[in-house]
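In order, the protein sequence lines correspond to chains A and B. Okay, so the first sequence: first residue is 175 according to this note's numbering, each after it adds one. Okay, so the second sequence: first residue is 388 according to this note's numbering, each after it adds one.
Just so you know, these hints were derived from the structure itself, not from any lab. Hints may be right or wrong, so weigh each one.
Claimed, not checked - Derived pair list, reagent style DSS-like, types lysine-lysine, alpha-carbon separation capped at 30 Å: (1) Lys924/B / Lys225/A; (2) Lys262/A / Lys899/B; (3) Lys903/B / Lys936/B; (4) Lys496/B / Lys240/A; (5) Lys860/B / Lys262/A; (6) Lys240/A / Lys979/B; (7) Lys504/B / Lys727/B; (8) Lys653/B / Lys899/B; (9) Lys504/B / Lys262/A; (10) Lys262/A / Lys653/B.
The primary structure of each chain is shown beneath.
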Amino acid sequence: MSLRFQRLLLILLTLVIILSAVLLILYNTRENVSYFYTPSEIEKSEIIIDKVMRIGGFVENDSFNKISSSSFIFKITDEKASILVTFKGILPDLFREGQGAVIEGAFSDSNIFNATNVFAKHDENYMPASIKEDLKDTGYWNKKYK
Amino acid sequence: MSSLVGFLSLVFSICINFYILLSIYIFKSKKQRFNFFIRLSSILTLLSFFSLMYAYITSDFSNYNVFQNSHSDKPIIYKISGTWGNHEGSMLLWLSILSIFSFFFSFTKNIEDNFKKLTLIIQAFLHILFGLFIVFTSNPFLVNSILVNEGLGLNPILQDPGLAIHPPILYAGYVGYSIVFSIAIAGLFQNTDDEWLYVAKKWSLISWTFLTGGIALGSYWAYYELGWGGWWFWDPVENISLMPWIAGLALVHSLMMVRGEQAIKKWIVFLSILCFSLSVFGTFLVRSGILTSVHSFAADASRGIFILLIFFIITGFGFLVFLLKEPKKSNTLNLLFINKVSALVINNILMIIATLTILLGTIYPIIIEVLYNKRISVGGPYFNSTVIPIMIPGFLLMSIAPILSWQTNKINNSKKYVLSFIILSILVLIQSYFLDFNTWGFVGLLLGFWIILASIIAIFSSYKVILGIKYFKIINPHIAHIGVGIAIIGITSSSIFQNELDFNLSEGDVFKVNGKTVLFEEVETTNQINFQALRGKFLFDIEKKQSKKIEAGKNYYPVSKMITSEAGILHQWNKDIYFILGDQKNNEWFVKVLINPFVSFIWLGVIIMMYSGLIAVTKR
């Protein structure tokens, strides 16, 4: 193999690598990304069953019920709309009524959301930045949250 | 009082660095004094840091920062770690580590004076930037305006020995790249020979080793403290630490392989700037609160903007110099189809693509929000299915790269390698057929075992065994790769072959885990120094005489009204059995048991990589 041919091969190989990386990224940003909504956005839009998404808001006061030691039912609210959520498993330590939480999962029918993951974060005053914005805009901002 | 000392010494250290810059460029002063001032400024910065630590140890609540983040009830170790358990203190730690690096660098011998001086001047410049940042936006020495006798307490989740030492080690990695950055830029300006490459290699290995340790500690902590049973979550903050790590890995490889080639030297400078830029960029993303992460530090927009400014100054300056200056005295690139140089090039391309992929995934939500006003989250599935496939060719290349030749396309003993690869594939295939077959599991295990096997063959067929330190230095690259192989086996098995069992149990119940009988003895509440502990007690393998006790439960911290989970982990060499105590109803407790095969291999692999990093530092 001449030196020139070897280098040509290398350049081709590099291009193939880069191309496949770009394709991978494009494919995965379509397939493996979940959208993030507030309860009132969900209420406004049409519900697609079994589509994975995240919903962020507060756990509504007096909405939390223990069905068994590992299955729970509660509501996520942004003070304008609320969504009924079921969850099986272990809730995070910081999960409690009146606190911010993000849930991931899908609607099993038009009004019950099956959460597969519940996130409540390190800071007990934690609120996802995006929801903070929304709440500030709508005037439901609780001063307690930083 | 200590706050005042701390603040003044911080301000003095910044002034000294200003003076250093002025004296060089305006007054043109002499050399001996220069080193003295650099060291003085380092000592003052450390003094400032230790004054803050002193305030924490003595629970001096007249300091606002201490009041906000400490409590007199805490055990002493968490009072000390409280110093960097908050934004202000951690930035002071950042600056202190920067000073320590400058301090040690000022003792480097046998390098050209002008080059050394310029490196330290750039360090002084960085010191000023971050120093001003601390003074103006995150001063840890503010006086508490109200008189109090008790503080608000440290976030309980941070009260853990692993996490106490995680930030200093991680920061040593991040900030270590500052000196690599300074060396690379000074090298472009000053150094007439390639001395700077050797110096840069040493320091980048040190930084990389620290960064590896810091990341591993963080994920080990997440593994046993967060109670999710996993050790890596593709959280933005984790991604941010992974980016300079991968770029740093590319840098270390380039530095070890460079033989004076112009193109590679240029690339090294680029990587050095990139590593430090990524470290600063990471700090910006975390501190500005732009990213939603489990590490929700108190966010403040003005801090974010200030760090963004620093980021632009550093990156802008770095890349400007990079574009204008050319490395001197060069050899041409000896690029063949498959020799050491081409392997290096491809390895670097893969690592940079991986870094960019992670960067893209991390900031993609921000881009989408700005462009379409839609909010998305990019989590594990994206990263797993993008980053891992990109890394696979790199892992394959890694197994043979150290034995490639410099000058030709020939691979010594190639038949041996091909044969052993085929045998290994068959073995792994048979093994995975008997377990549940899983494509990713098969690929991961094959890669891991193949890297180890190829490295061992290379060690025994290429070098004569001699006893002594020299031998370990020669085989060091292979040892590092064996570490990677072991880690890959651990990562693959613990994530793909993880087994999850759920139970609803009352006290006194007996259940089966992995064929062994486990007794759920009782649930007990006890009072500890600064928390209340609720523990479910399990007796593992009760049929044997030496059954093992496992305790899993929760801690309640009254000061901050927080609960943390405490997983009960039974470590065995080939698996971890991970108990999580869930909620209860009518005296029935929910217990989750995870069986994580070969988790210990991850930590073992990391330790081997760090060992190799340190050995490589001593190698000329």
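Holds or violated: are the alpha carbons of Lys924/B and Lys225/A at most 30 Å from each other?
Not OK: Lys924/B and Lys225/A at ~40 Å, beyond 30 Å, violated.
Regarding the pair Lys262/A and Lys653/B, is the alpha-carbon distance no greater than 30 Å?
violated, 54 Å
Does Lys504/B pair with Lys262/A here, judged by a C-alpha cut-off of 30 Å?
Roughly 62 Å between the alpha carbons, so the hint for Lys504/B and Lys262/A is violated.
Hinted pair Lys860/B and Lys262/A, Cα distance within 30 Å:
violated, 53 Å
Compare the distance between the alpha carbons of Lys504/B and Lys727/B with 30 Å, and conclude whether the hinted pair is satisfied.
Violated, because 34 Å separates the two Cα atoms, which is more than 30 Å.
Within a Cα-Cα threshold of 30 Å, do Lys653/B and Lys899/B meet the stated pairing?
violated, 60 Å
Given the hinted pair Lys496/B and Lys240/A, is their alpha-carbon gap at most 30 Å?
violated, 68 Å
Checking one constraint from the list: CA of Lys240/A to CA of Lys979/B, max 30 Å. Satisfied?
holds, 17 Å
For a C-alpha distance cap of 30 Å, please report whether Lys262/A and Lys899/B respect it.
holds, 21 Å
Starting from Lys903/B, check that the Cα of Lys936/B is at most 30 Å away, please.
holds, 13 Å
This entry does not satisfy hints 1, 4, 5, 7, 8, 9, 10, going by the numbered hints stated previously.
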